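Q: The residues making up each chain are set out below.
2 protein chains.
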Amino acid sequence: MNKKGLAILLRSKMRPLSPVSKKVNQLQHAPLERNVSATQNVSIKTERDFGQVRESMHSVISMNKKEILDTALNEFSEGYFSLSKENRCKLLLILAREYDLNRSKVRDLMKQYVGLEIPNGDEIDEHGREMDSHLSAFYRIERNLRHALKPMYEVLFERLNTHPGGLKFLASVRADILSIIADENVASIRALDSYLKEKLITWLSPANLELHQITWDDPASLLEKIVAYEAVHPISNLIDLKRRLGLGRRCFGYIHPSIPGEPLIFIEVALMKNIACTIQEVLWHDPPTPECEATTALFYSISSTQPGLAGVNLGKFLIKRVIYLVKKDMPNIHNFATLSPIPGFMQWLLSKLASSERSGPIFCENILKPEEERALLDAYKDSTTGESGMEVLLHLLTSTNHEWTRSDRLITVFEPILLRLCARYLVLEKKRGKALDSVANFHLQNGAMIGRLNWMADRSEKGLSQSGGIMVNYIYSLEHIEDYAQAYFSTGHIQASPDVHHHIQSPERNEDPIN
Amino acid sequence: MNKKGLAILLRSKMRPLSPVSKKVNQLQHAPLERNVSATQNVSIKTERDFGQVRESMHSVISMNKKEILDTALNEFSEGYFSLSKENRCKLLLILAREYDLNRSKVRDLMKQYVGLEIPNGDEIDEHGREMDSHLSAFYRIERNLRHALKPMYEVLFERLNTHPGGLKFLASVRADILSIIADENVASIRALDSYLKEKLITWLSPANLELHQITWDDPASLLEKIVAYEAVHPISNLIDLKRRLGLGRRCFGYIHPSIPGEPLIFIEVALMKNIACTIQEVLWHDPPTPECEATTALFYSISSTQPGLAGVNLGKFLIKRVIYLVKKDMPNIHNFATLSPIPGFMQWLLSKLASSERSGPIFCENILKPEEERALLDAYKDSTTGESGMEVLLHLLTSTNHEWTRSDRLITVFEPILLRLCARYLVLEKKRGKALDSVANFHLQNGAMIGRLNWMADRSEKGLSQSGGIMVNYIYSLEHIEDYAQAYFSTGHIQASPDVHHHIQSPERNEDPIN
Numbered sequence: 002m003n004k005k006g007l008a009i010l011l012r013s014k015m016r017p018l019s020p021v022s023k024k025v026n027q028l029q030h031a032p033l034e035r036n037v038s039a040t041q042n043v044s045i046k047t048e049r050d051f052g053q054v055r056e057s058m059h060s061v062i063s064m065n066k067k068e069i070l071d072t073a074l075n076e077f078s079e080g081y082f083s084l085s086k087e088n089r090c091k092l093l094l095i096l097a098r099e100y101d102l103n104r105s106k107v108r109d110l111m112k113q114y115v116g117l118e119i120p121n122g123d124e125i126d127e128h129g130r131e132m133d134s135h136l137s138a139f140y141r142i143e144r145n146l147r148h149a150l151k152p153m154y155e156v157l158f159e160r161l162n163t164h165p166g167g168l169k170f171l172a173s174v175r176a177d178i179l180s181i182i183a184d185e186n187v188a189s190i191r192a193l194d195s196y197l198k199e200k201l202i203t204w205l206s207p208a209n210l211e212l213h214q215i216t217w218d219d220p221a222s223l224l225e226k227i228v229a230y231e232a233v234h235p236i237s238n239l240i241d242l243k244r245r246l247g248l249g250r251r252c253f254g255y256i257h258p259s260i261p262g263e264p265l266i267f268i269e270v271a272l273m274k275n276i277a278c279t280i281q282e283v284l285w286h287d288p289p290t291p292e293c294e295a296t297t298a299l300f301y302s303i304s305s306t307q308p309g310l311a312g313v314n315l316g317k318f319l320i321k322r323v324i325y326l327v328k329k330d331m332p333n334i335h336n337f338a339t340l341s342p343i344p345g346f347m348q349w350l351l352s353k354l355a356s357s358e359r360s361g362p363i364f365c366e367n368i369l370k371p372e373e374e375r376a377l378l379d380a381y382k383d384s385t386t387g388e389s390g391m392e393v394l395l396h397l398l399t400s401t402n403h404e405w406t407r408s409d410r411l412i413t414v415f416e417p418i419l420l421r422l423c424a425r426y427l428v429l430e431k432k433r434g435k436a437l438d439s440v441a442n443f444h445l446q447n448g449a450m451i452g453r454l455n456w457m458a459d460r461s462e463k464g465l466s467q468s469g470g471i472m473v474n475y476i477y478s479l480e481h482i483e484d485y486a487q488a489y490f491s492t493g494h495i496q497a498s499p500d501v502h503h504h505i506q507s508p509e510r511n512e513d514p515i516n
Numbered sequence: 002m003n004k005k006g007l008a009i010l011l012r013s014k015m016r017p018l019s020p021v022s023k024k025v026n027q028l029q030h031a032p033l034e035r036n037v038s039a040t041q042n043v044s045i046k047t048e049r050d051f052g053q054v055r056e057s058m059h060s061v062i063s064m065n066k067k068e069i070l071d072t073a074l075n076e077f078s079e080g081y082f083s084l085s086k087e088n089r090c091k092l093l094l095i096l097a098r099e100y101d102l103n104r105s106k107v108r109d110l111m112k113q114y115v116g117l118e119i120p121n122g123d124e125i126d127e128h129g130r131e132m133d134s135h136l137s138a139f140y141r142i143e144r145n146l147r148h149a150l151k152p153m154y155e156v157l158f159e160r161l162n163t164h165p166g167g168l169k170f171l172a173s174v175r176a177d178i179l180s181i182i183a184d185e186n187v188a189s190i191r192a193l194d195s196y197l198k199e200k201l202i203t204w205l206s207p208a209n210l211e212l213h214q215i216t217w218d219d220p221a222s223l224l225e226k227i228v229a230y231e232a233v234h235p236i237s238n239l240i241d242l243k244r245r246l247g248l249g250r251r252c253f254g255y256i257h258p259s260i261p262g263e264p265l266i267f268i269e270v271a272l273m274k275n276i277a278c279t280i281q282e283v284l285w286h287d288p289p290t291p292e293c294e295a296t297t298a299l300f301y302s303i304s305s306t307q308p309g310l311a312g313v314n315l316g317k318f319l320i321k322r323v324i325y326l327v328k329k330d331m332p333n334i335h336n337f338a339t340l341s342p343i344p345g346f347m348q349w350l351l352s353k354l355a356s357s358e359r360s361g362p363i364f365c366e367n368i369l370k371p372e373e374e375r376a377l378l379d380a381y382k383d384s385t386t387g388e389s390g391m392e393v394l395l396h397l398l399t400s401t402n403h404e405w406t407r408s409d410r411l412i413t414v415f416e417p418i419l420l421r422l423c424a425r426y427l428v429l430e431k432k433r434g435k436a437l438d439s440v441a442n443f444h445l446q447n448g449a450m451i452g453r454l455n456w457m458a459d460r461s462e463k464g465l466s467q468s469g470g471i472m473v474n475y476i477y478s479l480e481h482i483e484d485y486a487q488a489y490f491s492t493g494h495i496q497a498s499p500d501v502h503h504h505i506q507s508p509e510r511n512e513d514p515i516n
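Going down the list, the sequences are from chains H and E.
2 is the number of the first residue of the first sequence in the numbering used here; add one for each residue after it.
2 is the number of the first residue of the second sequence in the numbering used here; add one for each residue after it.
Calculated directly from the structure, the hints in this document are not laboratory data.
The model shown is predicted, which means the values in this text are computed figures rather than measured ones.
A portion of the hints provided could be inaccurate.
Identical chains share a label here; the pair holds if one copy fits it or two copies do between them.
[As the list claims (entries may be wrong)] Cross-link-like lysine to any residue pairs, in silico, SDA-like; alpha carbons within 20 Å at most:
(1) LYS370 <-> ARG12
(2) LYS151 <-> GLU199
(3) LYS321 <-> ASN75
(4) LYS198 <-> ARG144
(5) LYS200 <-> THR163
(6) LYS321 <-> GLU159
Build the full structure now, drawing on both the sequences and the hints.
A: The following block contains the structure:
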């Protein structure tokens, strides 16, 4: 290919291979999943007979362990993928109910156990050895009980885990399970999910994962996955991808030996002089800071590739290992921070504003300060008489194409208001004692603090819709990571910089009461 | 270095770094272990205060999970290694007894459980959804019980597993536990062992292991491990090592991501035209068969490097994957066989012979046929009058330096007798329904058959002491692996070739009654 041809190729727009939606909905993209998958040898497109798939599931579970299982396992996973959404759901219900544990066996063991006398502590100290044999009856029944409390479907999970391609298949099955639970709360499916999730957490322990630095030298089949799964800032073309893997940038992924060539989660890092305020300067920073001058590692994107691994916190370990690695490699780097989206801010704000419209000004909290209200009404001349500040804000924020971003005047008026509300949303709004925002919760539980809010940091359609263009830097301060994580974990305390607290208080604290 | 210098270096005798004894006795070589270990950062040589180590163990278990654990884990493992054998034993007893499970909590949950009504099957079919919510009480208590049945020491194991170097440390701890059990049967230590073993089996599932072909291009630090741990046929010098990794040879190991640069188990393979009859032709086969002419892959050595992983069957998966890999790479290879030692034969035979000496000819089984008895007495002129054949055999077999192997006459007389007894030992002698010989049991449970006995196949001191120099070929016949494994597993049936059965029957069946 000549130079011009190459230039065109590098610039041509990339279409991700599979749509990555925030909401887990694996059932719908299963056919695509199949095409992407390199490990799953699935070629059949038409749905198989339900009874036949059910039969193959039964064989996998009940077969004696020394027989040839591989064929049965392949047959089952191929059959499963061929099923419609309804039939998969039906099959998983059968699995959860008919391959559960044997409750009468559990009860028998319990009866034996309750009949045993617990030796008391004093005796143990004096006649250690003698007591020991007394305890062996306990040990025996406890071991048997542990086994009896394993549902029969554990065999299926275990066998799939050691079967080539099986772990990835299990992740797809879990995505289906999550999608069923999202639709309907079925106790047996929830029990199935919680069991599978615990298994996945064990199997995907960081001890089993390889940290791989992803570079332009990696196979195209792996890079393709990065393009497909980059969920935060979509990769637009090959130049964009190459830049993210090139000078002044790093990309690291966790790879499991049994899902080779496909990171389960990956993180993109920019090496910079300062903590960036806008995503534009990260994505289009050209030329990059010379690496020897960098003092900051900015984590600007973290994406997981398997919706079925929701709740298996791989990101926490990944961030810690990457910090450790970068620090070891480049001792000059001493700031570790993110430039993160605030995915829930607008949704929260709009629902607050809308509830005022519905329930009227008396019954709802006015989230605006008087001076903010005034500034909004002043700025928006089109407002009907009697419209409140909250109504004006709702109206403007929901206007098509984010028109407010085209008016410098509105932008100036909005800036302090949205920054204050955003700081409130991040620092004060909680659900079950944890930050309401999912990304905030993720970084806070890892031990980060909320460092700085950045106005107009992401002007993309997605950025404006999610958070009015605001982005936030979470700071990983090495000396404090453990303390902050501990405080957040035990009391729900959210660590934020004075800068962020200032947004919440200002401007009325210093306001002149006469004005 | 000049050519001559290199030649001397390559030929100089290698001394394995740590003695590898068959009997697991980790406690004694812990200090050596420490020097070999690359991952364990242990430098303290003097024993630490017992109370202090016990305290650090307590911190690791009881610390809140978000605090800094790494320091505590390092302190504990360093402290543990510094302890004497007695103190380690004491500490493990404390771990087993004081960090056990909470039995009254288990009982409380049981009481709740027994109080629940089991919904009967019919109802489930008719009102699936309704029953489902009825079951949720069961699911809840079952989940709680699973957790309550986990001993407190599980936390220690789990934390060590995800800590760098922790898995290797746990393998050392298990070796110590096995050594305690070998000395004394303590129920609580046995319970500790069985729990740790199950954990290790989960963590070391083949899905987490990487199959690595070990070559001369591998780091010296890895090759050093091969030399140190080759337990079957010690590697004598660098030329020997290089040959085992060179043309016509293969060496594969399983590596766990958290114990890098050190295979947990490795297998050595020779590519040959025929199934070898002696180990000499494998180890000193020069020049090797051109690889394109090879039709046989001969597994001549399999060694595991961690005594603490006894009972975690990694070898089975390793052999299967190696067969698969070799077959894929070299389609001309269609024989897969071992040339294996028979480690228990002499021990078994000598104890049979000795029991005759002790209890006299009337109360013990005469394991010799009349014609064998005669042949022995004829051949051994030094025998005292009245000495039986068994006594003569015992006498000769236990003579210093295996003198019998220097008499052609004795060798000729011994050959049919020892081959017959060896076939009987391998095929008929069992313990709990399994082959008495440990290596036989290993290959039989993997689905191999006993193919051929080879006379004077290993004339080394070790070979003569273990099995009178006899070696055996176990054959892995791809079509039958699963069937044979299944038969052995369920009925204890040992598959052997007609050749081997012939040894058991001959020669008396065709014997002339007059002679």
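Q: State for each hint whether it applies.
A: We went through each hint and held it up to the structure:
no.: 1; hint: LYS370 <-> ARG12; verdict: neither (48 Å within a copy, 87 Å between copies)
no.: 2; hint: LYS151 <-> GLU199; verdict: both (12 Å within a copy, 14 Å between copies)
no.: 3; hint: LYS321 <-> ASN75; verdict: between (37 Å within a copy, 18 Å between copies)
no.: 4; hint: LYS198 <-> ARG144; verdict: between (22 Å within a copy, 13 Å between copies)
no.: 5; hint: LYS200 <-> THR163; verdict: both (13 Å within a copy, 16 Å between copies)
no.: 6; hint: LYS321 <-> GLU159; verdict: between (29 Å within a copy, 19 Å between copies)
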